[in-house]
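A.B. asks: Work out the full structure, taking the sequences as your base and the hints as a guide.
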Amino acid sequence: MGLGQTLCACLKGLNVIALRKACAVLMVVLVQILRSHWSLRRLSLGGGAEDVEKPNDVTGPVSSSEPGQSESAAVSSGGPVAAPVSEADEPAEAAAGGAVSPPDQCDEELVLRPLRSGDIYASFQFRTQWDTDFLHHGKKVSHYRLFPKSLGQVLSKFSVRELHISFTQGYWRTMQWGQPFIPSPPGAELWVWFHNTVEDVDGNWKELVNVLSGIFCASLNFIDSTNTVQPSASFKPLGLGNVTDHRFLRYATLPREIVCTENLTPWKKLLPCGSKAGLAVLLKSEKLFHSSFHSQAVHIRPVCKDWQCTSTAWELRQTLNVVFDIYTSGQGKKEWSLFKMFSRTLTEACPLASSSKVYVDVTDNPEGELFDLSPVTPLLSTAVVLGDRRTYSVYDLTKKETFGQLRSLNLVLRWKGESGDMLRPLLHAERYVAGFGLQTGEIHTLIYNNHPYRAFPVLLLDSVPWYLRLYIHTLTVTSKTRENKPSYIHYQPSKDRLRPHLLEMLVQLPPHSVTEVTVQFERALLKWTEYTPDPNHGFYVGSSVISALVPSVVAMDTNSTQERPLFSSFFPTKEESSYFVRVYTEPLLVNLPTPDFSMPYNVICLTCTVVAVGYGSFYNLLTRTFQVEEPSQSLAKRLANVIRRIRGVPLL
Amino acid sequence: MGLLSDPNRRKALTTLLTRLNTPICVVCYLAGIAWFMGLAFEPFTLRTYMSENAMGSTMVEERFPAGERALATGREFAGHKRKAGGMPVDWLVKTMQDRGLEVFTQSFSRTLPFPDENKERYMVRGINVYGILRAPRAPRTEALVLSAPCSPDNSNNQAVGLLLGLAQYFRNQIYWAKDIIFLVNEHDLIGMQAWLEGYHHTNISGMDYTPLQGRAGSIQAALSLELSSDVITSLDLILEGLNGQLPNLDLANLFHAFCQKIGVMCTIQGKLQRSDWDTAEGYTHAVQTMMLMVLKQASGRPWGDHGLFLRYHIEAATVRGVNSFRQYKTDTTTVGRLLEGMFRKLNNLLERLHQSYFFYLMPSLSRFVSIGYYMPAFGLLATILLLRALDLWVQLGTPTEVTEDGVGEVEPPSSPGVLSVLTPVVISHLTGVALYTLPVLSQETAVEHFPVSETEAVVLTAIAIYTAGLALPHNTHRFISGEGTEQGWRVLKLVALLYLAVLLGCTALINFSLGFILAITLVPVAACVTPHLPKAVSALAMVLLSPGCTILYCVFIFQELQEAPVSLSEGWMLFLSVISQGILDHSLFGSLVYPLLALLVYPCWLLLWNILFWK
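Going down the list, the protein sequences come from chains A and B. Quick note, the first sequence lines up with residues 1 to 652 if you use UniProt numbering. Quick note, the second sequence lines up with residues 1 to 615 if you use UniProt numbering.
FYI, nobody ran anything at the bench for these hints, they're computed from the structure. Where is the CB? At the ideal position from N, CA and C, for every residue including glycine. You may find that some hints are simply not true.
[Said to hold, decoys possible] Partner residues aside, some chain A positions facing chain B, computed with beta carbon under 10 Å:
(1) M175
(2) E262
(3) S291
(4) H294
(5) I326
(6) Y327
(7) R431
(8) A434
(9) E442
(10) Y540
C.D. replies: Below is the structure:
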């Protein structure tokens, strides 16, 4: 395959049709060879040998075709090959299935949620499951199918148990948009649970961060000990395993990280179908970054392969959330379509995906009174999402009839009436710096509990860089003008140039209240080499993280007997009674006392002059005693005095 | 410095300085004044230039189309304002929400220490409305502010209209990197103070306000807009803020650059720039412009709504539309395009404005005098104080000229006691404290006993205390150490001179104009005063050169420069209102001029007065 690509790349410059045809023929031959190789390998896999050495991954034709390649190459390699492989796959899998579950699987879905403000929220999720257990068996795995090899190698090399990384551009406006499916703070966030056999966690973390920095084209290499913390309670493993010793956890954020196309491209390359087929065709950067909010994330965790949990698998979840603005993207018209949002329509599912669905949130629109959705679908699905029972229209892309006669799916969502107010989110938070001047300041964190009658506890995590010296004795927590004593406080003081402050608190929020957490700080004067190239921009303090189990809206609504039978609704069921929410506050931009870097030469000259001339002579004047000096004696006189001293006669 | 280590040469230097002291002082004084007057001469000034790279080469394209619609919105606003009899809060909230902003309100109330007769207000209660345009894909860390005051009379409606028009236009653009806050503040500066204190969660002026619900990170720059007519002839830029603070010069440069690009006439201090700098008229014009700036800066009060931002390290300026009877008119669309351009440039900023000067004077909008050029003028005046102090010090060290190598050998025969110097110092300062506290405290008593209003009571009490200070028993030293000696007044004068030098030096560093104006009047007094002068004439001269009279002259000069000369009685009324405004500015916004004058400058002058009547 690599040979074919090189060939095509060589031919790219020669714009000769005959040569291209020859190339295409060559490609077909290559594909034939590959296919035979593929079936051979599958057979041997079935025989149980897992350590088959293979020069490169099989999904190459689909996933590794570069966007920058010439069209002919893409068409000749991507187009025809993808179909045969998947077709060859399915019967093979069907044959191998039955007793044994398929080795890897991937799913893709897109959720569209029309927001009351007129904006629209699109959330992509791509889930790849990799059925291997290398951590448990200590085997070296070198065979990759759907799971990206680059990430798999990282997992095994650094003994990672769980990895969560997100890149976000923009701030999620909870008050207007409600809760996101997967929250993330502005900038980059990375948290990793290492396997508990790792001895040098910090060393592993450092290397891992640098490797990830390369994989995602991001400045994750700026993560070092000064912005890494080990939260004791806020970040628990989301996958299998009961390890809760936070020595194996590392958490870091880079609030300054700018997310753009160079981060999107490597992220797309991790997808099984790349951006060539399936939902991923919608991911065009010129539209994704013409939005109010953009967030992409990768979550890797171990999960159970079956319900008995006899064996485990790795789950790779790639998510991308984007909110399109009605004014800037929608030209003020309350009408959204896939084409308007992404400048593409859907024509097929990813051939490698076992399920490929588009969901549209129609909860507020049961009778079609708020907006029109076309084409209509008979499929409806109901789920409790973030404590609220939601109804979704489902479009299954694996079915031919979804695409209709035009062979393309372009969902159109046309608002009819005026949009109302959103339900106030039960939990939200904001943060700001109070005070003025460059010496001290105060960080205020406001946490709102909008639940009318239920109090609930939240975990607040604050990681503040060392150059803001927190006065922890000034820490106050007040709600409803009364002091609110946190039931748990974990505080780790900072060390200059080594580690940040870490403050974790468990605070009970009274119902319908605002809880204010304030702490004063002093701004440190940095060494002159420690300033960033743009010191007058200010220094960032990462978002604080609020994790909570929030009583759900479903449980709040005790009176709704219309939908559910009476016998099922007396006790609130457990999974519906509360739900987990993580809320991130805004990052802060804090100005530190900054010297005037524009005139270092003047400053140096002035300082040197003042020290040398002014200080030197004043020091002289102050410490010297002035005496009128005797004229020095002549040599003869001194000699005479020496002789006189020997003789014991008084000196001259 | 070898000069000072060598006793012989040191002696030669000191004798030279003592012998030539008076001529040197006179030369210094004249040179200081001449230097200052020369600052406005164009060849001596620098042309302004854009220092900030982020605002420099990338010229933006302005496309704001909707000036007419903005005016219509302004008229609608005026209608609702008239109906509501004040700030039409509900209408503003709804209009801003329709334009896609996050809208919040803040109510505030403040009782002034005494009624403000200029603006006719005492118990102030109002509501600020502001809408935040959230920049796409920005994490709420930086913001810009555009504000327009909602005046009680029928002015500034066009400013609010244009603000709303710009909000609507800005909302549809994708390029914003910083959130933009559109603020309509009631009761001009008081509302602005409430909003800024709410935003930064501080309370330095005893204001009652409700906490803000929405914020947008640290504010990078702010513009305040005042526009009272549909078409304008020119735009005036106002820079002087609280305590004489100025925004970064780049903000003025930005305004000037866009005025030139779009073709709007722009002025500073209401004065157009003249091209004939080499004629006498041209030079006089530049001097007038600069003097106006000096006087405004020295007053220490915010001259526009922007003035309060500067304390929070936010660069801000006020843009005021002027409609005079010139031919050439500019419509609202053009003003909108100008503001759009400025905001887009500010939006491009990577850092806060910091590249250019913070300390400058402007003889015209395209010329400036930086701190390095104007400080020598003050330095020359301050040198006089130091020279006189040196002279006194030498005189005190060598009372009789009998010894030849007299450094440190001969003890002064009778050194005056500490008390004889300390007592006048303490008494003067107590008078200062009385001048600072009593006017506001005793207004009720004064109103009961005299037929005056509260404001008059405060001002007249201040003047009364000021005058009473002159009649204080100044010869306390006689009760403490018998007859006043020659040594006594010399020590006192030495203390007063050094005190004044430090005081003026510190003031000039913070607010050059104030320091310089005080130095012009106080330095001759401090340099010349001795008990041996003819009492009546010198007392009159001293009173005429006292800080209070300096304010009076400044009032007249200011009116003269603004081409609105006043008669003596009008001038006196203005003087009274200036004093009441000064006291109000101090208690409302924390302006430091009144306490500086009352607690430090006036006592210092009293010390000099004391010396004149030394017996």
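A.B. asks: Would you mind marking each hint as holding or not holding in the structure?
C.D. replies: Right, here's what the structure says about each hint:
1. Evaluation of the M175 (chain A) hint against chain B yields a held restraint, the C-beta minimum of about 8 Å falling below 10 Å.
2. Because the smallest distance between the Cβ of E262 (chain A) and any Cβ of chain B comes to about 15 Å, over 10 Å, the interface hint for this residue is violated.
3. At a threshold of 10 Å, the smallest CB-CB gap from S291 (chain A) to chain B is about 7 Å, leaving the interface hint in force.
4. Satisfaction of the interface hint for H294 (chain A) is found here, the shortest Cβ-Cβ separation to chain B being roughly 6 Å, below the 10 Å cut-off.
5. The beta carbon of I326 (chain A) is positioned within 10 Å of a beta carbon in chain B (closest approach about 7 Å), and the interface hint is therefore held.
6. Below 10 Å, beta-carbon pairs count as interface contacts, and Y327 (chain A) has one with chain B at about 5 Å; its hint therefore holds.
7. Residue-level restraint check for R431 (chain A) holds (minimum Cβ-Cβ distance to chain B is 9 Å; threshold 10 Å).
8. Checking A434 (chain A) against chain B by beta carbon gives a least distance of about 3 Å; that is within 10 Å, so the hint holds.
9. The closest approach between the C-beta of E442 (chain A) and any C-beta of chain B is roughly 7 Å, which is under the 10 Å cut-off, so the hint is satisfied.
10. At about 7 Å, the closest approach between the beta carbon of Y540 (chain A) and any beta carbon in chain B falls short of 10 Å, and the interface hint on this residue holds.
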